[in-house]
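J.: Given next are the chains, with one letter for each unit.
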Amino acid sequence: MTSGASFLTSRLDAALGWARKYSIFQYPFVTACCGMEYMATACSHYDVDRFGAGFPRFSPRQADVLFVVGTISHKMAPILTRIHEQMAEPKWVVSFGVCTSTGGFYNNYATVMGIDTIMPVDVYIPGCPPRPEMVLDGLMKLQDKIQAQHTTGLRATPEPRPTDVGRETGLVQLELKA
Amino acid sequence: MNPSSLIESVKDHFPEGVLAFHAYRGDATVVLRRSALLEVARFLKQDPALQMNFLMDLTAVDYSTFGKRPARAFFSSSGVAVRPFAQIPDEAPWPGPPPGSRFAVVYHFFSTAHKHRLRLVVPVEEAHAEVDSLTDLWLGANWLEREVWDMFGINFKGHPDLKRILMYEEFEGHPLRKDYPVDKRQPLIGPVN
Amino acid sequence: MEQTETTSTLETITSSVDDSTGGETRDMILNIGPAHPAMHGIVRIVVRLDGEQVKEVETEIGYLHRGFEKMAETVDYNGVIPYTDRLNYVSPLINNMGYCMTVEKLLELSVPERCHYIRVILSEISRISDHLTCVGATAMELGAFTVFLYMIKAREYLWELVEKVTGARLTVTYCRVGGVKADLPEDFAEACHKAFEETRTVLSESDKLLTRNRIFVDRMAGTGVISSDDAVAYGITGPFLRATGAEYDVRKDCPYSVYDRLPFDVPVGSRGDNMDRYLVRMEEMEQSMRIVEAALRDMPRGPVLVDPGSGRPIPAAQMVDLAKVGNIGAIAGGSAVVGPTLEGSGHAEHPSIAVDDKRVFLPPKEDTYGNIEGLMQQFKLVMFGHGVRVPQGEVYFPVEGANGELGFYLVSDGGGGPYRVRVRPPCFAIMSALSQLLTGDMVADIVPTFGSVNMIGGELDR
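Chains as they are written, first to last, in my numbering: chain A, 1 to 178; chain B, 179 to 371; chain C, 372 to 833.
Chain A on its own, in the form it takes in the complex (with noise of 0.2 Å):
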């Protein structure tokens, strides 16, 4: 919202924004390891109902988070844009463990990366696996996004990967003149 904006229609974002954020519908993608700390952290012990994120939806066409949970590999990649490109706006990705993030330690010809070379990532959450407050630490975080995206109406993008910087604005070669 810009400048313009008015009192009502900006308590009106903000209200919106606390409604989003205490009622996450999340869309667990798990695959790996990761997925048995996603179990302990939804479940009575750490108990991450209480942020209201407890139910999640297994269909993209009802969840607005994307909890990314677990190594993605080449194969799996294609399935995992589909379901987020399924989702409906406003859609939030977490990626949950380093596997997730950059690849972890499985640098070979199976593995994505990190999921944000194919999808933009709200929050990372590292880890191999993450404890369980940690994760309850990020998704305070995303419900901060969340917040915030409905007070300022600009959503963060993502921040550029040090090895994408050169290729996006041209910065890889110095001229040194004379």
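The hints are simulated quantities; they were obtained by calculation from the structure and are not laboratory data. Glycine included, C-beta positions come from ideal geometry on N, C-alpha and C.
Which residues of chain B face chain C? A few of them, derived with a C-beta cut under 7 Å, are:
hint	residue
1	Arg203
2	Thr237
3	Val239
4	Gly318
5	Ile343
6	Val360
Just so you have them, the derived chain B footprint on chain A, three or more residues with Cβ under 8 Å:
hint	segment
7	65-79
8	100-110
Got chain A sorted already, so can you dock chains B and C onto it with the hints?
T.: Quick look at chains B and C alone, frame taken from chain A:
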């Protein structure tokens, strides 16, 4: 049966099929000629003294860089000698990989009746990378052979449906071969990074 | 219970007969795709249905192939252990133990007895957490969400126990070639008994909720049947095979480590259906607890810990600095005070957790900092390009994983890392039999059957 009598039993029935044998670390191993594989497997399954009802594992090894791998040394360029292939002396050393062939298809058998194990090693050359399929004798061989085809490119004659199982169809090459670089990605979508 | 079909591609086989004359039925091809809640993430099952009956099944796997075998060729022997954690990620200690025992067989090493007992105790705890996850997930998919929550609660207690010993809950990397990383903490036995009390409560509650529950029994009994001959032909082992009536358990038939000294029974079913598999797993959990309790009683006593006051504790950094300038006299007889990561791996515990072989296991920190031989030993094992030296050879070693016989086949060329590591995954064989298990049953039986397969993607696809 102990390892040596297992090996004796196979050697007695198939004297021309057996190329070599050993029991390194107690694992009875017989190196077979490719042509003898199907009959030996049938014998192993049906002979009452052996009764190998389990095909535990079916895999392959690519011996092309055996003993020739470059040393992983931090200072290799500065010439600091890192000699990684020092042998620890062994009383009964392993005879080594089957000479002259790039691949070896390795079968592990087990018998629940007699509780003994046997390993069969079938050397396969690169030019003619093909062995007989054991799907008629053990149903589990189906998927195991598909995996060996996927990872190594060894063909199995008589397999009902030999196609990739772990990699996707569009993938080119066989990843576990030693000449396939570990980080050569062939993405279906997204950048090649 | 919802049966959702995300990303399903329905293709109908068109028939040439006009069906307004009322004769022809068509089979439907249903894709239970890789993104599905009950597919544990990553298996694609394409079924051809006649109404509700499954006529033909094709399973497609490989969606979690992470190249374990290729990665293992790029690291040294101890570097493979983190990759083995992530194979069967619900019971990582069993994988660690299997791989380490394979390398030790090739090296002809025997670890100290206490180390054997430690490995057995942690393997069995891992096995219990695997069965809890499997039974809990199956129950959840059948609608018994409470049982899932109870079992995950019990699993949390066990994971707290594992964290006390290894430092991590799930991916532990605890075993090393020639031993384990650290000894059990002082209060392990009491913590273990408390955790088992909770686990037994949970198991009895779940038993009361499920075993004679009419709905559960109707869905599980008589579905997913396989005969023991077929199971053997597919190469199926573990609780799946034992539920069909064949008695094969690697711990009893080819005993390794100290299993031959520990008293336990192996439950065997008879009908080979989902209900028997559930009962076998429930009973196996009880037997695993029995093994751990016997092992805690029988294991040789740990190190007599030196009273820190008398043993001259010296902070590790100070010890390094003194040793660097050659002031060995000031550090002689001292014990290094190290951070929590290195607790349990000190000088006193070393004989009980590590094999006494310099080529294979790291020295305790007091020796690394205190004398040149220890420093050299550390250097030769840790620096890039060096590492454990294993003679040329090939070896196969099976252990009893939670799903069956987990075998490691290792080929070594005498270099710094393994030449070829092959994992014989137990659930690969079970998954190859899935088409036979599902054919003939109804669509709704796919869920309990697939749940009782306990497919773990990390192990199936590696």
